[in-house]
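Enquirer: Residue strings, one per chain:
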Amino acid sequence: MKLSSKYNQVNLIASLLVLCITGIAYYFTISYILNRQIDQELKLEEEEIRQFVKKHGELPDMLNFKDGKIAFEEISVQQTDRKFSDIDYLNAKEKEIEPGRSLRSTVTVKGKIYQMLIIKSKLETEDLIRMIFLITLGIIGLLLTVLTIVNRLLLKKLWAPFFKLLQQMKTFNITDQRELLVDTTRIDEFDELNQAALSMSSRVKKDYKSLKSFTENAAHEMMTPIAVLNGKLDSLLQTESITENQAGLMNDMYVAVSRLSRLNQSLLLLVKIENNLLQDDQENLDLRELLEQKIRQFRELLESKNIQLQANLQSKEIRMNKYLTDILLNNLLSNAWRHTSSGEEVKIILDQQKLTILNTGGTALDADKIFLRFHKNAASEGSGLGLAISKQICDSYGFKLEYTYQMPYHRFDVVFKASNQ
Amino acid sequence: MMSKNHVNLFNPKNPGSGIKFSCFKNSSDFRFTFKQTIRILKILIVEDEAGLRKTILDYFTGEGNICETAENYQEAIEKVALYQYDCILLDLTLPDGNGLDVLRNLKKLAKDEGVLIISARHSLDDKLTGLDLGADDYLVKPFHLAELKARVTAIVRRKNFEGNIVIRFNEMQINQQSKEVSVLDQQVPLTRKEYDLLLYFLANKGKVISKNAIAEHLWGDGVDLVDNFDFIYTHIKNLRKKLIQAGAADYIHSLYGMGYKFSE
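Residue numbers (numbering that gives the first Met the number 0), protein chains in the order written: chain A, 0 to 420; chain B, 0 to 263.
Simulated from the structure, these hints should not be mistaken for lab results.
Fair warning: there could be bad hints in the mix.
Unchecked claim - The calculated DSBU-like cross-link candidates involving lysine-lysine, where the alpha carbons are at most 35 angstroms apart (straight line), are:
hint	chain 1	residue 1	chain 2	residue 2
1	B	K192	B	K204
2	B	K126	A	K231
3	A	K231	B	K178
4	B	K260	A	K231
5	B	K78	A	K231
6	A	K231	B	K53
7	B	K41	A	K231
8	B	K126	A	K208
Said to hold, decoys possible - Interface residues of chain B toward chain A, partial, derived using beta-carbon atoms under 7 angstroms:
hint	residue
9	T54
10	A80
11	K140
12	M257
Where a beta carbon is used, it is the ideal one built from N, C-alpha and C, also for glycine.
So that you can see chain A by itself, here it is in the shape it has in the complex:
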């Protein structure tokens, strides 16, 4: 629920409640005052009747007049109390039932006790009350409408800086060099929020930057010792009389050093792609031509494992960094080559929308984890970074890299961005 709706809702309920209570109080007060006025008139009438009785020694005629009536009835028992009450009576003149106010009282004429009933119509009073009630209702309605409109306009204007900040936070990119743009508002809370958001974003960016430069520096610093290790191994290889046993040990060391260096280079590459250091250097590339080159490069490797390669390539131009494109194709093909068993097959399909690489062998992989760094199955000899790098490259160009398993194929799709087609 939106804050403004919630606010309006509370506002509306509170206003309604207060206005209703006011209305009721208003109604009762007016009714009370008007009743008292009628009662006063009734008493006056009674007094007139008593004076008539005293003067003439007889009851006046029972009367029906326009807004009331007077009636007498002989009773046997003296009733002392006078009673005012609301009553519905038949207005003889108007010939309809009308609400009225009555006064019951007794009068003694020549030893006989009579009960007299004086009724006065309340029709006009009721009309008055109804009118007041309607006007009140109208005012309530008007007030609520005005309140709602004012709230909506005011809230929209007041919250504008908030929504501006929110929009920027939604599109916040940690690798983006630009700072958040905030206006100074006249509202302290929003100013405070803006300042907090600014300082938070710059702090986060600073931390991220230092983390990345740490990774980069660490990887760089490691390169020199690896280079020394590599060089010393090359030198050691030149020494005379190496035994077979020593040669085996050195071979293992070569493999380990080469893996370490590859891992390091992959980490550096990841940092660079994340830093957007490479993406900007774009050119128009003929993807089919690059793929054909890559396939030529891999042909021998594939043939050595007796892997059947089928390629169905359409012409496709793409705007990318050449170095990154090369790495992407390399990683995807290496991946297919490495995980396809002897005698199985690899298919490469390129069309205008996507590049698909299919390979058989093994069972379905966990699509959620496959692109995570250092995620690899136990049998894999790779660094565990190849697909993570591929994913990063695709992300940086707005491409989608997806993995699905369609018996018996592992399927990798690079779906190009619409604008890059």
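Given chain A, work out where chain B should sit, using these hints.
Expert: Frame of chain A, contents of chain B only:
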């Protein structure tokens, strides 16, 4: 071929190179050993990491090559100004300066030395700037010494012969322009990889080259072969067979299958 060589002998841009090739006065001299065609190399190694500097120095010394070292920017600038080298191995990150400034200095001095940048940075910018400033090649650390040697050899050849050279080794002739190999004047058809491999071996003659180094040279470091080196074995076997069949001696020796050595 001869005329090309002669042009180069008196090339004012390459003072000194004339003396070293003065033995090629007539075509029969080409029959002499490979050692005569590879002149003495004078190399400057600019590298601040002592371990690496010594390793490179050891690998390049021998065959009469002269190697000098500089461990910082200042030393490099001084040596570059004072002496003439065939090739300078230049590390970019030096404790007291940037290797690129050494390059700028070379350019300012109008010197025409071959420069191979060896850098820990796999940075496209550095590479482009370096090549722009006149460096001939760019090698990223870590590298194999054999690869370094092959690149230096290629630079020196390119500098002195503008790539147009026939390499001779005993009964073998390799024409770098047409990429043709012949043994005893008989052409030997080699695949691209076998040809690359032969050149690589010749540049690292007398040295044991690990399978790793060969794999990276032939496939580049983009292809992660891990420890599957059967391919190399096949190529080496084929190359060796072709050369022997054509009448060459058996120059390629295996060291327990983990490395290979090209030697007489």
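Enquirer: Does A:K231 pair with B:K53 here, judged by a C-alpha cut-off of 35 angstroms?
Expert: OK: A:K231 and B:K53 at ~9 angstroms, within 35 angstroms.
Enquirer: Taking 7 angstroms as the limit, does the beta-carbon of B:M257 come near enough to a beta-carbon in chain A?
Expert: Given a least distance of 4 angstroms, the restraint on B:M257 holds.
Enquirer: Does B:K140 meet its interface restraint, that is, does its C-beta lie within less than 7 angstroms of any C-beta in chain A?
Expert: holds (4 angstroms)
Enquirer: When you check the alpha-carbon spacing of B:K260 and A:K231, does it fall within 35 angstroms?
Expert: Since the Cα atoms of B:K260 and A:K231 sit roughly 17 angstroms apart, the hinted pair holds (cutoff 35 angstroms).
Enquirer: Holds or violated: B:T54 as interface residue toward chain A, Cβ cutoff 7 angstroms?
Expert: Result: holds, 4 angstroms to nearest chain A Cβ.
Enquirer: Compare the distance between the alpha carbons of B:K192 and B:K204 with 35 angstroms, and conclude whether the hinted pair is satisfied.
Expert: Judged against 35 angstroms, a Cα distance of about 18 angstroms means the pair holds.
Enquirer: Would you check the hint for B:K126 and A:K231, treating anything up to 35 angstroms between C-alpha atoms as holding?
Expert: Roughly 26 angstroms separates the two Cα atoms, so the pair holds.
Enquirer: Would the hint linking B:K126 and A:K208 be met if the CA-CA limit is 35 angstroms?
Expert: holds (24 angstroms)
Enquirer: Are the Cα positions of B:K78 and A:K231 separated by 35 angstroms at most?
Expert: Status holds; Cα separation ~26 angstroms.
Enquirer: Given the hint that B:K41 pairs with A:K231, test it: the Cα-Cα distance must not exceed 35 angstroms.
Expert: Holds: B:K41 and A:K231 sit about 22 angstroms apart, inside 35 angstroms.
Enquirer: What's the verdict on A:K231 and B:K178, does the C-alpha distance respect the 35 angstroms limit or exceed it?
Expert: holds (33 angstroms)
Enquirer: Measuring from the C-beta of B:A80 to each C-beta in chain A, is the shortest one below 7 angstroms?
Expert: It is violated, given that the least Cβ distance between B:A80 and chain A is near 27 angstroms, above 7 angstroms.
Checked against the numbered hints given earlier, this structure breaks only hint 10.
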